[in-house]
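> Now for the letters of each chain:
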Amino acid sequence: MRTIIIASLILTISTGAMAQHSLQLNFNYNVNFPMGTDFRNLTDKPAFKGFTAGLAYPVTDQFRVGISLGYNDYYQKFPRQVYSNGPGSDISAVISNSIQQLPLLITADYTLLKTGLIRPYVGAGAGVNFISFDQYLGEFDDPVHYTRFAARGEAGILIPLSNYSATALRIGGSYNYAPLKKLGVDNLSNWGIHAGISVPLH
Amino acid sequence: MNKLKPLLTIGVPAVILFFSSCKKDPLNNLTNEESRIYVTNYDTTANFSSYATFSITDSVTLVQDNQFAGRSFDAYDVNIINAMKQQLTQRGYQPVDKSAKPDLAVNISRIYSSSTVLFDYSNYWDYYGGYYDPYYWGYPGYGYYDPYAVGAYTVNSGGLEIDLLDLKNASSNGDKLVGIWTGLARGEDVFNPANGANEVSAMFAQSAYLKK
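Sequences listed follow chains A and B, in order.
For the first sequence, my numbering assigns the number 1 to the initial residue and increments by one for each residue that follows.
For the second sequence, my numbering assigns the number 1 to the initial residue and increments by one for each residue that follows.
Just so you know, these hints were derived from the structure itself, not from any lab.
Keep in mind that this is a model prediction, so the values were computed, not measured.
Any given hint could be a false lead.
Unchecked claim - Which chain A residues face chain B? A few, computed with CB under 10 Å, are given here: (1) Lys-49; (2) Lys-77; (3) Pro-87; (4) Ser-96; (5) Thr-115; (6) Lys-182; (7) Ile-193.
Unchecked claim - Listed below are several chain A residues computed to face chain B (Cβ distance under 10 Å; list not exhaustive): (8) Pro-79; (9) Gly-88; (10) Ile-91; (11) Ala-93; (12) Val-94; (13) Ser-132; (14) Leu-137; (15) Asp-141; (16) Val-144; (17) Ser-162.
Backbone N, C-alpha and C define an ideal beta-carbon position, used for all residues, glycine too.
Same shape as in the complex, but just chain A (with noise of 0.2 Å):
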């Protein structure tokens, strides 16, 4: 097992160093934070399921162009409390709150240096989020999907796995504006931390 391990990583490294202008695949472990007192009042809690996948095209040595596809799950269970509902009604229950965004971007993204075992970078998107708020009354949910504007702006680290390589681990943090406007909810902005590795595709 050891010894397929460590020949894959010898093959992944020796391919990377001839593919230096393919197009790259990303795939991010992230952690994300909510931000803004309405967020907060939903969950205050991150997700720490949350993931991002992206395609990435080399115009030139230092800047990509390409597309990600990211994936968040905010979850918290709240106490039982009596809630109004209106005037002469009152519900006792214990609330959950599900929020998953799939945010869907188009990204560019600029390495700062060319050469280094640490290339600093700093990248953008814009795009659409696909959100879904799913807010449990006891074991009764009424859920409901919305679809809105996205962006990102992140700056991290790439750390290559050799000077050849295009294989690179990517460390780093982010900005995510995604406005809501909808159940008395602004936004469910957030910003996050992530690590994973882009792989050259031939």
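Model the placement of chain B on the given structure of chain A, informed by the hints.
Then chain B, alone, in the frame of chain A:
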């Protein structure tokens, strides 16, 4: 472009499916007690301190898809009836036999719905005369009436429903037995006898206005 095609046709849907499966299911993180909701509605024009006595129906009515389906008096029903009697007495109302012309009537129903679509709570009142003949409360020929605030709520399927009816003002209300308070319990294990008293207690805990 040929390299992109399989990625877009297979890869992207696979990624979306993968991401979707990562959703934490809130239902898996709920106990049976946490799954239950308690809804109370009341007529905001009612003066609850103006009533002195009450009587509770001697059994629980079963309602299936808005149809009368029989009466029940099992361990759960006994617990609910006793809990209602205890709670109303603690709030200052006096239990009396229905022959003593009580001010308030208490009807208790178990509502079942076989439909998976949303069950409109107000439909329950549309057929109310089919579950409870006004004759039972000594008001033959009268009808039932629910103020909008009492009847308006939508839940998935049914549950335990408790209604307080104004008998005291039946004649002045245009020969109507007006519902002035309802309590609804829904969720897992709602008809477990061990939960009956807690369900009634929860309804009263959020109905501080319901007192003599």
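> Compare the structure with each hint and give your call.
Okay, the hints, checked on the actual structure:
The criterion of a C-beta within 10 Å of any C-beta in chain B is met by Lys-49(A), whose closest approach is roughly 5 Å, and the hint holds. Because the smallest distance between the Cβ of Lys-77(A) and any Cβ of chain B comes to about 6 Å, under 10 Å, the interface hint for this residue holds. Here the hint on Pro-87(A) is kept, as its CB sits about 6 Å from the closest CB of chain B, short of 10 Å. A cut of 10 Å between beta carbons decides the hint on Ser-96(A): the least distance to chain B is about 4 Å, and the hint holds.
Because the closest C-beta pair between Thr-115(A) and chain B is about 27 Å apart, greater than 10 Å, the hint is violated. The beta carbon of Lys-182(A) is not positioned within 10 Å of any beta carbon in chain B (closest approach about 20 Å), and the interface hint is therefore violated. A least Cβ separation of about 18 Å between Ile-193(A) and chain B goes past the 10 Å threshold, and the interface hint is therefore violated. With 10 Å as the threshold, the beta carbon of Pro-79(A) comes within range of chain B, its nearest partner Cβ sitting at about 9 Å, so the hint holds.
Evaluation of the Gly-88(A) hint against chain B yields a held restraint, the C-beta minimum of about 4 Å falling below 10 Å. Hint status for Ile-91(A) relative to chain B: holds, with the closest Cβ pair at about 5 Å, below 10 Å. For Ala-93(A), the interface hint holds, the least distance from its beta-carbon to any beta-carbon of chain B being 4 Å, beneath 10 Å. At about 4 Å, the closest approach between the beta carbon of Val-94(A) and any beta carbon in chain B falls short of 10 Å, and the interface hint on this residue holds.
Given the 10 Å rule on beta carbons, the hint for Ser-132(A) holds: about 8 Å separates it from the nearest Cβ of chain B. Evaluation of the Leu-137(A) hint against chain B yields a held restraint, the C-beta minimum of about 5 Å falling below 10 Å. A hinted interface residue such as Asp-141(A) counts as satisfied when its beta carbon comes closer than 10 Å to some beta carbon of chain B; here the least separation is about 8 Å, so the hint holds. Interface hint status for Val-144(A): violated, as the beta-carbon distance to the closest one in chain B is roughly 14 Å, over 10 Å.
Look at Ser-162(A): its Cβ only gets to about 24 Å from chain B, farther than 10 Å, so that hint breaks.
Violated hints for the displayed structure, listed by number in ascending order: 5, 6, 7, 16 and 17.
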